[in-house]
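J.: Work out the full structure: start from the sequences and follow the hints.
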Amino acid sequence: EPEVTQTPSHQVTQMGQEVILRCVPISNHLYFYWYRQILGQKVEFLVSFYNNEISEKSEIFDDQFSVERPDGSNFTLKIRSTKLEDSAMYFCASNEGLEPYTDTQYFGPGTRLTVL
Amino acid sequence: GENVEQHPSTLSVQEGDSAVIKCTYSDSASNYFPWYKQELGKRPQLIIDIRSNVGEKKDQRIAVTLNKTAKHFSLHITETQPEDSAVYFCAASWNRYSTLTFGKGTMLLVSP
Numbered sequence: 001e002p003e004v005t006q007t008p009s010h011q012v013t014q015m016g017q018e019v020i021l022r023c024v025p026i027s028n029h030l031y032f033y034w035y036r037q038i039l040g041q042k043v044e045f046l047v048s049f050y051n052n053e054i055s056e057k058s059e060i061f062d063d064q065f066s067v068e069r070p071d072g073s074n075f076t077l078k079i080r081s082t083k084l085e086d087s088a089m090y091f092c093a094s095n096e097g098l099e100p101y102t103d104t105q106y107f108g109p110g111t112r113l114t115v116l
Numbered sequence: 001g002e003n004v005e006q007h008p009s010t011l012s013v014q015e016g017d018s019a020v021i022k023c024t025y026s027d028s029a030s031n032y033f034p035w036y037k038q039e040l041g042k043r044p045q046l047i048i049d050i051r052s053n054v055g056e057k058k059d060q061r062i063a064v065t066l067n068k069t070a071k072h073f074s075l076h077i078t079e080t081q082p083e084d085s086a087v088y089f090c091a092a093s094w095n096r097y098s099t100l101t102f103g104k105g106t107m108l109l110v111s112p
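Going down the list, the protein sequences come from chains A and B.
Last residue of the first sequence? That's 116 in our numbering, and every number before it is there in order.
Last residue of the second sequence? That's 112 in our numbering, and every number before it is there in order.
Keep in mind the hints are simulated off the structure, nothing from the lab.
Warning: the hint list may mix true and false statements.
To be verified - Capping the alpha-carbon separation at 30 Å, the derived lysine-lysine pairs in DSSO-like fashion look like this:
(1) B:Lys58 with A:Lys42
(2) A:Lys42 with B:Lys22
(3) A:Lys42 with B:Lys104
(4) B:Lys71 with B:Lys37
(5) B:Lys37 with B:Lys58
(6) B:Lys37 with B:Lys57
(7) B:Lys58 with B:Lys71
(8) B:Lys57 with B:Lys68
(9) B:Lys22 with A:Lys83
(10) B:Lys37 with A:Lys57
(11) A:Lys42 with B:Lys57
(12) B:Lys58 with A:Lys57
T.: This is the structure:
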């Protein structure tokens with residue numbers, strides 16, 4: 001069964017550094033998402049992406065964040081200047097995009113980002 | 001935007017008992033309600049979902065009920081087993097992009 005994959009599994013960085021988190025969504029899926037989960041807390045929506053542009057973003061997704069689909073398979077989240085509070089698990093998700101509002105989302109295994 | 005409340009935060013049951021987790025949502029336009037199971041350090045895994053045109057859905061030991069009038073939905077697990085121990089998240093999809101708003105999670109502990 002196809003799965004969403006993410007790399008790296010764990011990223012350690014110094015405060016102020018830039019990081020890029022990578023995701024490969026399921027191949028025939030059209031909608032892509034980034035969520036984050038601070039340790040012990042709920043999963044929070046960051047951004048959705050469709051047809052090569054952002055379709056929705058949350059208040060968390062400020063100017064320090066950006067997303068890109070650089071080729072036909074990868075979907076990346078860039079944090080320009082990391083802060084301590086960016087430490088979290090970042091999940092990528094995708095869905096087929098066939099049923100607006102009600103499509104099942106499939107999550108990747110996550111990247112644990114630690115900002116020192 | 002949507003707001004999802006989930007209760008209880010922790011639930012301890014004996015193996016074989018039933019477990020019920022409840023969620024309420026705020027946006028009456030939400031019409032898709034998935035439940036995810038997350039084991040420690042792992043990705044959220046979809047275990048069951050329900051769409052607003054259905055009141056109840058069952059898959060073996062797991063069932064979900066939806067009351068659109070009251071804006072709440074519940075997860076029912078019967079004959080619980082130790083391997084059901086995990087954190088369970090409810091969510092609601094509130095826009096055409098299927099963006100999910102999650103509840104805070106319920107840690108289910110099933111004792112043998």
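J.: None of the hints should be skipped; say for each whether it holds.
T.: Structure-based check of all given hints:
1. B:Lys58 with A:Lys42: Distance of about 25 Å is within 30 Å: holds.
2. A:Lys42 with B:Lys22: Holds: Lys42 (chain A) and Lys22 (chain B) sit about 15 Å apart, inside 30 Å.
3. A:Lys42 with B:Lys104: 5 Å, holds
4. B:Lys71 with B:Lys37: The given pair, whose Cα atoms are some 22 Å apart, holds under the 30 Å limit.
5. B:Lys37 with B:Lys58: 16 Å, holds
6. B:Lys37 with B:Lys57: Status holds; Cα separation ~17 Å.
7. B:Lys58 with B:Lys71: 19 Å, holds
8. B:Lys57 with B:Lys68: 14 Å, holds
9. B:Lys22 with A:Lys83: Distance of about 35 Å is beyond 30 Å: violated.
10. B:Lys37 with A:Lys57: Holds: Lys37 (chain B) and Lys57 (chain A) sit about 25 Å apart, inside 30 Å.
11. A:Lys42 with B:Lys57: 25 Å, holds
12. B:Lys58 with A:Lys57: 33 Å, violated
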